[in-house]
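> Sequence:
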Amino acid sequence: MVSYWNSYVFISLFLLLGLLLPIGALWVAGPFLRPKNPTPEKLTTYESGVEPFGEAHVRYNVRYYLFALMFVVFDVEIMFLYPWAVSFDSLGLFGLVEMLIFLGLLVLGLVYAWKKKVLEWK
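Residue numbering for the sequence shown follows our numbering, beginning at 969 and increasing consecutively.
Keep in mind that the hints were calculated from the coordinates and are not lab data. Using N, Cα and C, we set each Cβ at its ideal position, and we do this for glycine too. Each hint should be verified, as a subset may be incorrect.
[Stated by the list, open to error] Computed beta-carbon distance windows for the label pairs: (1) Tyr-1033 / Trp-995: 33 to 41 Å; (2) Met-1038 / Gly-1060: 43 to 51 Å; (3) Val-1086 / Leu-1064: 26 to 34 Å.
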């Protein structure tokens, strides 16, 4: 019975050390060890050795995000076809009807995006 609890003591000790050592190194010893000499040149933004010009925040058209989101959605949805294709024989007619409903919803979403002109690139 003593060796049983002894193993938990070692596991908890390693867990405690695994949590406290990085926290201690970053928050306690870090401020004492890092250099503290900020100059105005060090505090400026760095863009590949070129002086920054213009505004840092550029507004992108929302169509880029919609196009990327549509790609991700359809790409992930197509991944659902692979397991269905592998187990098509064992699923039978029920699996075929389920997949036809799924593909119908997918095509409906594509038609909706097409009507909203999300897929047009200007």
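> Is the gap between the beta carbons of Tyr-1033 and Trp-995 within 33 to 41 Å?
Since Tyr-1033 and Trp-995 have Cβ atoms about 37 Å apart, the given range 33 to 41 Å holds.
> For Val-1086 and Leu-1064, compare the CB-CB distance with the range 26 to 34 Å and indicate the outcome.
holds, 30 Å
> Quick check: does the Cβ-Cβ distance between Met-1038 and Gly-1060 fall within 43 to 51 Å?
violated, 32 Å
In this structure, only the earlier hint numbered 2 is contradicted, and the remaining ones agree with it.
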